[in-house]
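Q: What follows is each chain in one-letter form.
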Amino acid sequence: MSPILAIDGLSKHFGGQPALTAIELSVEQGEFIALLGPSGCGKTTLLRCIAGFLTPEAGTIRLAGEDVTRLPPYRRPLNTVFQNYALFPHMSVAENVAYGPRRQGVAKDEATKRAAEALELVGLAGFGERLPAQLSGGQQQRVALARAIVNRPQLLLLDEPLSALDLKLRKKVQSELKQIQHRLGIAFLFVTHDQEEAMTMADRIVLMNRGRIEQIGRGQDIYARPATRFAADFIGDANLLAVNRRSDGSFSLLDGAITLPAADAPQGELTGVLRPEDILVTAEPVAERLALPVIVSDVVHVGSHASVALTVGGSTLTARLAPSALAGLSVGQAAFANIRLSDLRLVPGDA
Amino acid sequence: MSGTLRPVLLLCALPAAFFVAFFLAPMAVVLIASLTTAAGQPTFAHYLRILADTYHWDVLWVTFRIGALTTLVCVLIGYPLAWYLVRIVKWRPWRRFCVILLVVPLFTSNIVRSFGWMVLLGRNGLVNDGLIGLGLIERPMRFLGTELGILIGLVYILLPFIVLAVGNALAKVDPALEHASADLGATPAGTFRTIIFPLSLPGLMAGAVMVFMLAVSAYVTPALLSGGRITVFSMLIFQQYSSVFDFNYGGALSITMLVLTLALVAIAGRLSEPRRA
Amino acid sequence: MTRPIRLAAAMLATTLLTAPALAQQPSSITVAWYGGNWGDAFKACVAEPFSKATGIAVNAEIGTSTVTLAKLQQQKAAPTIDVAWMDGGISELALAAEVTDTLDPAAIPNLANTLPEAIYKNGATTYAVGTGYYSLGLTYNTQKVKAVPTSWNDLWKPEFEDAVTIPSPANSSGVPFVMFLSKIWGHPAGDLSSTFKKIKELKAALFFDSSGAATNAYQSGEAIIGAHFNVGAWDLADKGLPIGFVVPKEGAWATDARLHLVKGTSKKEAAAKFINQALTPEASGCLAEKLYLGPSVKNVAVKPETARKLPWGETGSVKNLQLFDWAEINGLRSRVVDDWNRQIARK
Numbered sequence: 001m002s003p004i005l006a007i008d009g010l011s012k013h014f015g016g017q018p019a020l021t022a023i024e025l026s027v028e029q030g031e032f033i034a035l036l037g038p039s040g041c042g043k044t045t046l047l048r049c050i051a052g053f054l055t056p057e058a059g060t061i062r063l064a065g066e067d068v069t070r071l072p073p074y075r076r077p078l079n080t081v082f083q084n085y086a087l088f089p090h091m092s093v094a095e096n097v098a099y100g101p102r103r104q105g106v107a108k109d110e111a112t113k114r115a116a117e118a119l120e121l122v123g124l125a126g127f128g129e130r131l132p133a134q135l136s137g138g139q140q141q142r143v144a145l146a147r148a149i150v151n152r153p154q155l156l157l158l159d160e161p162l163s164a165l166d167l168k169l170r171k172k173v174q175s176e177l178k179q180i181q182h183r184l185g186i187a188f189l190f191v192t193h194d195q196e197e198a199m200t201m202a203d204r205i206v207l208m209n210r211g212r213i214e215q216i217g218r219g220q221d222i223y224a225r226p227a228t229r230f231a232a233d234f235i236g237d238a239n240l241l242a243v244n245r246r247s248d249g250s251f252s253l254l255d256g257a258i259t260l261p262a263a264d265a266p267q268g269e270l271t272g273v274l275r276p277e278d279i280l281v282t283a284e285p286v287a288e289r290l291a292l293p294v295i296v297s298d299v300v301h302v303g304s305h306a307s308v309a310l311t312v313g314g315s316t317l318t319a320r321l322a323p324s325a326l327a328g329l330s331v332g333q334a335a336f337a338n339i340r341l342s343d344l345r346l347v348p349g350d351a
Numbered sequence: 001m002s003g004t005l006r007p008v009l010l011l012c013a014l015p016a017a018f019f020v021a022f023f024l025a026p027m028a029v030v031l032i033a034s035l036t037t038a039a040g041q042p043t044f045a046h047y048l049r050i051l052a053d054t055y056h057w058d059v060l061w062v063t064f065r066i067g068a069l070t071t072l073v074c075v076l077i078g079y080p081l082a083w084y085l086v087r088i089v090k091w092r093p094w095r096r097f098c099v100i101l102l103v104v105p106l107f108t109s110n111i112v113r114s115f116g117w118m119v120l121l122g123r124n125g126l127v128n129d130g131l132i133g134l135g136l137i138e139r140p141m142r143f144l145g146t147e148l149g150i151l152i153g154l155v156y157i158l159l160p161f162i163v164l165a166v167g168n169a170l171a172k173v174d175p176a177l178e179h180a181s182a183d184l185g186a187t188p189a190g191t192f193r194t195i196i197f198p199l200s201l202p203g204l205m206a207g208a209v210m211v212f213m214l215a216v217s218a219y220v221t222p223a224l225l226s227g228g229r230i231t232v233f234s235m236l237i238f239q240q241y242s243s244v245f246d247f248n249y250g251g252a253l254s255i256t257m258l259v260l261t262l263a264l265v266a267i268a269g270r271l272s273e274p275r276r277a
Numbered sequence: 001m002t003r004p005i006r007l008a009a010a011m012l013a014t015t016l017l018t019a020p021a022l023a024q025q026p027s028s029i030t031v032a033w034y035g036g037n038w039g040d041a042f043k044a045c046v047a048e049p050f051s052k053a054t055g056i057a058v059n060a061e062i063g064t065s066t067v068t069l070a071k072l073q074q075q076k077a078a079p080t081i082d083v084a085w086m087d088g089g090i091s092e093l094a095l096a097a098e099v100t101d102t103l104d105p106a107a108i109p110n111l112a113n114t115l116p117e118a119i120y121k122n123g124a125t126t127y128a129v130g131t132g133y134y135s136l137g138l139t140y141n142t143q144k145v146k147a148v149p150t151s152w153n154d155l156w157k158p159e160f161e162d163a164v165t166i167p168s169p170a171n172s173s174g175v176p177f178v179m180f181l182s183k184i185w186g187h188p189a190g191d192l193s194s195t196f197k198k199i200k201e202l203k204a205a206l207f208f209d210s211s212g213a214a215t216n217a218y219q220s221g222e223a224i225i226g227a228h229f230n231v232g233a234w235d236l237a238d239k240g241l242p243i244g245f246v247v248p249k250e251g252a253w254a255t256d257a258r259l260h261l262v263k264g265t266s267k268k269e270a271a272a273k274f275i276n277q278a279l280t281p282e283a284s285g286c287l288a289e290k291l292y293l294g295p296s297v298k299n300v301a302v303k304p305e306t307a308r309k310l311p312w313g314e315t316g317s318v319k320n321l322q323l324f325d326w327a328e329i330n331g332l333r334s335r336v337v338d339d340w341n342r343q344i345a346r347k
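Protein chains in written order, with our numbering: chain A, 1 to 351; chain B, 1 to 277; chain C, 1 to 347.
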């Protein structure tokens, strides 16, 4: 079975400035993909190329095997939930949702029926006669979703659909959205800049930076095995350590406090990645770990855990400890940071 | 009266006084005159004289027909023009130049512009010279003293109102709505019909009502371009005030015109009203 | 706060009421006249010499005759205008509205030198005096009209089809012109039906509502023959356009610009002096030179070049002018306008 969306060598630039470079992406049917990255990384540009509002300079976009790169938006078999919903203010909720079927040539009665079904699916049965302006932000968001799924597209694009909602509502809608996606079996391509949102919702995350894809993978895989320094930094917290390549091929970190043997590490600048929870802080060295002598420079309690800043020579490490592990640690005290070398990853990119 | 209240009351009284002095009082004077005889006795005779006479209905018909045609032509030319300015022109200085070109004539006198059209539309005018030069007609066409001539003059003078009203409405339509419409499968024409046009309709209606009101009440342009051969209602009113000096009958003519115009506008407004608003 | 204002107002009122009694010679008077070159001429020919001779300044209140009459009616209780120029026709309405005062020959000695036709009386008292005549004559394009027209009936010649213009009732000359035509055609007085029938047969290019529209029509060639005021026609000719003006054999309809002393003015003596100044041969001659107004003052000498352009034509006099009884015109006014609307200004 061919992927529902296949993007090959896609490039787009605005007035000479590259916005997307050599994008390769494949989305399977029923998949939930998050397009994640900081603002300006190109994720929205990519979405617009897929929807047809932008035409790329190079590359192809295939939907269910058909090349749609040059097709206008209204001839592409996909739908979009827009960032500010873009509901038609002069139409009732029911008319908004029935708009898609009507444009596809569906008879009015049938379109109205489908619209009612879609509204019921998003939990807005009975709201059909209202105008969008008479609904709350969350309700408008659901209308936008109902309008986008009523045509049963095989691919749904969502452009930061939750960014206008407050935190509590956002959590609720996240799970609802996930359920609806599951029930319909539609592939979702979901643009967000919120890594937590991406981690909780997506089957796979497409991590973008400066118009390029940094890494594609399941959230926990990217967290555990970041492919680049950017991936390590953007997904979760990380201690990013400068790496010196010695003449014998081995690596030195933290001014020689850590030495790694020569290995088939990538060429070029490298960064050492160490997750804060992989550091044990104790008064005495722990067996079978590399114990680095440190000074506790700060302790910040964040509820479920504490963030402890440690000074190693001229560098600072951050460790995450359970509150119970904090006993006996105070600021200014000498301690040991115990790490496993297997937890330390070398990734391309300058620290 | 407390010391702090007085300035507030004064502030409120000022606009009220302005309104009374410049709108209410003159209207009241005209209304009272229309309901009294020259000697000051109350009467409905002036209204009966107007309404019972088919001549007045004929003139009203001509007036409202010219007004409606002017509005129609203004809408047909003005909407695409506004579209061009708001949607097609990307280069800002050019757009600004076009808007200035559109607005500047509003600052010149109606009389000057209508005289200009008299010269252009005359038998030896530029328009006839052009049409003959192009071989489209053999003898000069008659524009002055025809409804076509009045229509041309009124459209020229009132077009900016439509363009500005529609342009303003079009500029306010969120581009995301067009994307949403295209995304849902609407062709550009379908998007225009179902989204952009309905959303620009309030602006279009406002502009059309303004043009219609100004066209049916226009005096200078029809007076100059009719060559005294076509009578519109404002001319009847002007005659009563300027040559017959019958302010009572003239007042009744004015009120008749006002009431009929407002009634027509109200009907048009009701017809174009969105179902739910 | 209100008490001092009331006091001040009372003091001001007292001053205003007592001032006229105290003032021997006012420092200025206010005169209502028309705009444009008419106002300029009145200023140069009458107001400036008057101020020079008496030391009294003249403030101009500019407006058409109708507007001036409306102002006088509103100010009846306490007029701010002392002297007013108004055209024939409006002058009679001003009399009826009781805003004019009697012109006293003792205070205005120059009344004795004025043509008897130019002195307008209501019974035994004089309420207005003409300061100059202007006429509505036959105006034509000297290039397009080969033979000099001699009669108003020439306008109906087929060769002038669609190139004729005459005034519409919106113009001050419109109503009197209809009655003028009725008279020269010998139609029965009071029955205008045959007159309208004939006007209806006229193939007009336009019926002008303002003097400017007429000037424009002759200038652009829209009209090559028709009626126009002598002032407007000669203005065009002076600019070098091929325009001629003749008084046809039936005569020309004419009227005049008249001076009125405003009833209730506090500066009656100075106002009378102003009117007297306007009736000097110098002032009358000056108006003839500037506006081609036919002098209402006896024995005014004008240059031959100017004499040609006066309302009665090259060889005529005031006798050639058809001066109508405005009371009669005003009585028929509403009917003429109505008939015109229904029969002429309609397709």
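Any given hint could turn out to be false.
Claimed, not checked - Computed spacing ranges between beta-carbons, pair by pair:
#1 B/L101 - C/K249: 47 to 55 Å
#2 B/R270 - A/A64: 45 to 53 Å
#3 A/R70 - B/L101: 51 to 59 Å
#4 A/R70 - B/I111: 21 to 29 Å
#5 C/K198 - B/G269: 47 to 55 Å
#6 B/R270 - A/G126: 52 to 60 Å
#7 C/T102 - B/V8: 51 to 59 Å
#8 B/A268 - C/K249: 55 to 63 Å
As the list claims (entries may be wrong) - Partial pick of chain B residues on the chain C-facing surface, computed with a CB cut under 8 Å:
#9 N124
#10 G145
#11 L148
#12 A223
#13 G227
#14 G228
#15 I230
#16 F238
#17 S242
#18 F245
#19 L258
#20 V259
Claimed, not checked - Here's a subset of chain C near chain B, in silico, CB distances under 10 Å, partners left out:
#21 K146
#22 A147
#23 P149
#24 S168
#25 G174
#26 V175
#27 A205
#28 V302
Hints listed in this document are in silico derivations from the structure and should not be mistaken for laboratory results.
Nothing here was measured: the structure is a model prediction, and the numbers come from that model.
Quick reminder that beta carbons are idealized off the backbone N, C-alpha and C, glycines included.
Q: Each hint needs a verdict: does it hold in this structure or not?
A: Now for the hints, and whether the structure bears them out:
1. B/L101 - C/K249: 47 to 55 Å: Given a distance of about 54 Å, which is inside 47 to 55 Å, the answer is holds.
2. B/R270 - A/A64: 45 to 53 Å: 50 Å, holds
3. A/R70 - B/L101: 51 to 59 Å: Given a distance of about 38 Å, which is not inside 51 to 59 Å, the answer is violated.
4. A/R70 - B/I111: 21 to 29 Å: At roughly 57 Å between Cβ atoms, B/I111 and A/R70 fall outside 21 to 29 Å, so the hint is violated.
5. C/K198 - B/G269: 47 to 55 Å: Check passed, 48 Å falls within 47 to 55 Å.
6. B/R270 - A/G126: 52 to 60 Å: Hint violated: Cβ distance 30 Å, outside 52 to 60 Å.
7. C/T102 - B/V8: 51 to 59 Å: 54 Å, holds
8. B/A268 - C/K249: 55 to 63 Å: 57 Å, holds
9. N124: With a minimum Cβ separation of about 5 Å from chain C (threshold 8 Å), the hint on B/N124 holds.
10. G145: At 6 Å from the nearest chain C Cβ, B/G145 passes the 8 Å test, so the hint holds.
11. L148: 12 Å, violated
12. A223: Holds: closest Cβ of chain C sits about 5 Å from B/A223, inside 8 Å.
13. G227: Since the shortest Cβ distance to chain C is 3 Å, the answer is holds.
14. G228: Where the cut-off is 8 Å and the nearest Cβ of chain C is about 3 Å from B/G228, the hint holds.
15. I230: 7 Å, holds
16. F238: Nearest chain C Cβ about 7 Å off; hint holds.
17. S242: 6 Å, holds
18. F245: Check passed: Cβ of B/F245 comes within 7 Å of chain C, closer than 8 Å.
19. L258: Because about 20 Å separates B/L258 from the closest Cβ in chain C, which is outside the 8 Å limit, the hint is violated.
20. V259: For B/V259, the interface hint is violated, since the closest Cβ of chain C sits about 21 Å away, which is over 8 Å.
21. K146: At about 18 Å, which exceeds the 10 Å cut-off, the nearest Cβ of chain B leaves the hint on C/K146 violated.
22. A147: 22 Å, violated
23. P149: 20 Å, violated
24. S168: Since the shortest Cβ distance to chain B is 4 Å, the answer is holds.
25. G174: 7 Å, holds
26. V175: Nearest chain B Cβ about 6 Å off; hint holds.
27. A205: 7 Å, holds
28. V302: At about 32 Å, which exceeds the 10 Å cut-off, the nearest Cβ of chain B leaves the hint on C/V302 violated.
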